[in-house]
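**Student:** Next come the chains, spelled out residue by residue.
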Amino acid sequence: MRHRAFFWFILPSLTAMILLIALPIVSVFVQSLYVEHEQILKVTKNCTPFGCKEETTVDFEATQALTKEAPLGKFNGFDTYANRSHLAFYEVKTAWRTADGLQSFFSNLMNLPFYKALAFTLSYTFIVTPFVIVLGLAIALGVNALPKVIKGPTIFVSLLPMIVTPLIGSLILFWMIDAKGIIGATLQIIFDDPDLSLKASPALTWITLFVYGIWHSAPFSFIVFYAGLQTVPEETLEAAMIDGASRWQRVRYVVVPYIAPLVTFILLMQLMDNFRVFEPIVGFSAQANATSLSWIIYNDLRGQDIQLFGSAAATSMLTILGVAVLLTPVLIRTWQQFNRKVV
Amino acid sequence: MYFKSITLAGSMALLSSAAFAGCGISGGNVSILSNDFAAINAVTAAAAECAGDGVEVTINATSEHRDLQVAALSANPAQYSSAVISNGSIVPLLNEGLVRSLDDLVAKHGSSLNPNQLITMDGEIMAIAFMANAQHLFYRSDILEQAGVDVPSTYEDVLNAAEAIRDQGIMEYPVALNTKTGWNLGEEFVNMYMGTGAAMFNPGTAEVAINNDHGVATLNMLKALTEYSDPDFLTFDSNATAALWEAGNLAMATLWGSRGAPILDDEGSTEAITSATVLAAAPTWGGGSTPASTLWWDGFTIAKNVSDADAEATFIAMINGISTDMVKANNDLAPWLIEGYVPDATAAGVAATAAGGANPYPMLPFMGTLHGALGGELSDFLQGNESAEQALADVEAAYTTAAKEKGFLN
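If you read the protein sequences in the order shown, they are chains A and B. Residue numbers are given in this note's numbering: position 219 of the first sequence equals residue 392, and the series is strictly consecutive. Residue numbers are given in this note's numbering: position 115 of the second sequence equals residue 518, and the series is strictly consecutive.
Keep in mind that the hints were calculated from the coordinates and are not lab data. On a predicted model such as this, the values are computed, not experimentally measured, just so you know. Hints should not be assumed to be uniformly reliable.
[As the list claims (entries may be wrong)] Far from chain B by the CB rule (all over 10 Å, computed), these chain A residues:
| # | residue |
| --- | --- |
| 1 | Thr-188 |
| 2 | Pro-197 |
| 3 | Phe-233 |
| 4 | Pro-434 |
| 5 | Ile-479 |
[What the hints assert, rightly or not] With a cut-off of at most 20 Å between alpha-carbon atoms, the simulated EDC-like pairs for lysine to aspartate or glutamate come out as follows:
| # | chain 1 | residue 1 | chain 2 | residue 2 |
| --- | --- | --- | --- | --- |
| 6 | A | Lys-353 | B | Asp-747 |
| 7 | A | Lys-247 | A | Asp-273 |
| 8 | B | Lys-707 | A | Asp-232 |
| 9 | A | Lys-215 | B | Glu-527 |
| 10 | A | Lys-241 | B | Glu-499 |
| 11 | A | Lys-226 | B | Glu-799 |
| 12 | A | Lys-247 | B | Glu-499 |
| 13 | A | Lys-218 | B | Glu-799 |
| 14 | A | Lys-289 | B | Asp-616 |
| 15 | B | Lys-626 | A | Glu-211 |
| 16 | A | Lys-215 | B | Glu-649 |
| 17 | A | Lys-289 | B | Glu-649 |
| 18 | A | Lys-218 | B | Glu-499 |
| 19 | A | Lys-218 | B | Asp-525 |
For each residue, glycine too, the CB sits at the ideal point set by N, CA and C.
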C-alpha cells in the first residue's frame, strides 16, 4: 500500500519529467546518429544585380525525393561522435603518433574544437566551484554577524549579482573591462601598462571569466549557507563560548560540521551549472580564447546560416555524459552518508 | 525583438493619407520577416502602408532573422509570407525549396522594376533585390594629410600609411576591420581572398580550395593589418568598429557600406571627424586588380507555403515598399538599386567597389559551411599561436567535417 501511495504522489512529476526531459533526450540521441542526405548538386545560370554566372546549386526536387524516403536522414551510427568536431579519435591518434613529447601532443590536442572547449569547461568548473563555496560561506558568516538594522539591505545587495541576468551582467562587465572602460583603464594605470587588455590574451580572458563566474554564483551559495546558519543551535555555540572557544574555533568545529550537508548540495548544483557555462562567453565575446561545450552546441545551431543538428545533438549527449561523470563521486558519497544515518 | 502589427484601425490612424490604403490589393495577409537596420526598416514601413481594406500587414524586424527563417517558412502555411534576405541568407531557403518562383507576379505587377533587380536562378525569378552593400575603405583625410601619406588604394598602401601614422605618434592603432571571431572574421577572410582572384572551391564540386599559397598570403595580409589594430580586435563586430570610428580612434577601416550613413550623420560623432571621413573603394592587394571585397544585395522573397492570394498581396505590398517614392524619402540610407535613386557620398564606397570589379559573395549552397569554418578556426593564427598552413589545414578539416554532415561531401 505504501508503494501505491508513493506512486500516486510522484506520478505528476514523473509524467512531467518523462515528457519534458527523458523523451527529448532520447530524441536528441536518435538525432545524433543521423546526418543529412547527400545533397544532389547541379550547375545553373544565376543572375544578380552584379551580373550572370554559372553556379552550383542544390537540385531541390532530387534531394527532396531522398528526404521523403527517409525523413531522419542518413544513418551514421556513432561516426559523428568520432569525427573531428567531437572526440576526434583519428586526429588524437595521429597527434599521439607524430608528437615529440607531451607538450606538443597537448598543443595538437588543443587545436581540436572539442578538447579545447573541454579544457576550458573543466578549468572553469574546478576553479569557480570551490571559490564559490568558500566565498559564499565567508559572506554568510559576515552577514550573520551584522546588527539587525543593516542585515536586510546587506542581504539584498549581496544577492544582486545573481539577480542580474547572466548575459546582461557579463555585457556590462565586458564594457567596463574595455581598455577605455572604468575597470580596464584603472588596471592599465595600476600596472602602468598602456597595452594591457583583458580581452586580448587567453590567460587574462580565462581569469576574467573565472572572476565573473565567482561573482555571479557566490550569492547562491551565500543565501543557502545563510539559511543554514539560522538553524545552528544557539546552545552549542554558547557552550563552546563558555569553554573558551575563539570565533574561528566556533566556526571550524561547530558551524562547519553542522552545515556540511549544505556543502554537498551546493557542490552538486555548482558542478552542474558550471559545467554548462555559456552566457559569459557570449557576453564577453570570448570565443577566440575560451569556448565551452555549451558554446559549441550554440555555435552548431546559431553560428552560421546552416544548422548542424546531428553535431549539436552529439555534443549535447557528450555534455550529459560529462555531467554524469562529474556528479557520480558526489552522489556516491551522499548515498553512503544517507545509508549510515538510516542504520 | 521588435514586433509591430498594423491592423485596419491602427493603420487608418497612422497614415496621413488614406489614398495609399490597400495599394489596390483586394485583401489578404502580409507578414514580413526581415533584418533590422534603417534601410530595410524604411522598405517594410512603406510596405505596411498597404494595410487597410481587409489587408493586414505584420512586420518582424530582427537581427536574428537568419535563425528564424528556415523553420518559419517550413511550416505550412508559412509563418511569414515574405522573407527579406541577402545573397548570403537566401541560400538556406533555396536549398530547402521554401521560396516560390516570382515569374508570374513580376509579369503582372513588376513593371516598375529595373531588370537588374531580378534575381534569377536557372531562368526563374526567385527574389527581387532593392539595395547593394559591400565592405570598403573608410579613411580620415585629415590624419592621412597630417602623416603626409597618399590615399591608399591597395592594402600594402594601408600598411605603409598605418606605419607612418604610428611612427609619428598620431595613433598607435590606426586600423580596424570587423575581425570578431565567427561570422565577421570569416567574412574578412572571404573578402581578402577574393582580392587574389582565386576560386574558393574546386569548380563543380563542394571541395574547398583555399589551402594553398593564396590562402597563406591572405592570412598573412590579415595578420599584418591586425597588427595595426587594437589588441582587442578579435571582439570587433560592426557595432564596435563603427563606435571606434565615431570616437575618432581610427584613421583607416574596412567597414560595411551600410554604416556610411549612420557614421556621416550628425549624431554620435564630432563635425571634425565626420567632415574628414571619406568612403572609398575596397583596396586591392598583392598586385591583383580585383577589390578585396564581396558585393552583397538585399532583397525580398515570397514564401512557397502560403496561399496564392496572400503571395500576390505580399508581392504588391513589397513592390510598394521598394517604390520610387520610398527611395526619394530615404535616398541617403543605402545604395538603392531602385529607379529614382540619386547616388550620394554615403554610397560612394560601395559604388566605387562595384565599379572596380569586385565579385559578388558566392551564392553556393556550401558557402555558409565554409564561412562558419573560417570564422571558428582563424583566431589562433591571428593571435600568433599557430602557422598559416596549420590554420588553413584546420579550416579545411572543419569544413570537410561539417560538409559531410550536411551531405555536400561523401
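**Student:** Please verify whether Lys-215 of chain A and Glu-649 of chain B have alpha carbons no more than 20 Å apart.
**Tutor:** violated (46 Å)
**Student:** If you draw a straight line from the CA of Lys-247 of chain A to the CA of Asp-273 of chain A, is it 20 Å or shorter?
**Tutor:** violated (39 Å)
**Student:** Ile-479 of chain A: least C-beta distance to chain B exceeds 10 Å?
**Tutor:** violated (5 Å)
**Student:** Hinted pair, alpha-carbon criterion (20 Å max): Lys-289 of chain A, Asp-616 of chain B. Please report holds or violated.
**Tutor:** With Cα atoms ~28 Å apart, Lys-289 of chain A and Asp-616 of chain B exceed 20 Å; violated.
**Student:** For the pair we were handed, Lys-626 of chain B and Glu-211 of chain A, check the Cα-Cα distance against 20 Å.
**Tutor:** violated (37 Å)
**Student:** Compute the least Cβ-Cβ separation between Phe-233 of chain A and chain B, then decide whether it is above 10 Å.
**Tutor:** It is violated; Phe-233 of chain A is separated from chain B by about 4 Å at its closest Cβ, not greater than 10 Å.
**Student:** Would the non-interface assignment of Pro-434 of chain A survive a Cβ cutoff of 10 Å against chain B?
**Tutor:** Label holds. Min Cβ-Cβ 43 Å, cutoff 10 Å.
**Student:** Would the hint linking Lys-707 of chain B and Asp-232 of chain A be met if the CA-CA limit is 20 Å?
**Tutor:** holds (16 Å)
**Student:** Is it true that the CA of Lys-353 of chain A sits at most 20 Å from the CA of Asp-747 of chain B?
**Tutor:** Outside the cut-off at roughly 34 Å; violated.
**Student:** Is it true that the CA of Lys-218 of chain A sits at most 20 Å from the CA of Asp-525 of chain B?
**Tutor:** holds (5 Å)
**Student:** Verify this label for me: Pro-197 of chain A is non-interface relative to chain B, using a Cβ-Cβ cutoff of 10 Å.
**Tutor:** holds (17 Å)
**Student:** Is it the case that Thr-188 of chain A keeps its Cβ farther than 10 Å from each residue Cβ in chain B?
**Tutor:** About 28 Å separates Thr-188 of chain A from the closest Cβ of chain B, which puts it past 10 Å; holds.
In the structure shown, a violation is registered for the earlier hints numbered 3, 5, 6, 7, 11, 13, 14, 15, 16, 17, in ascending order.
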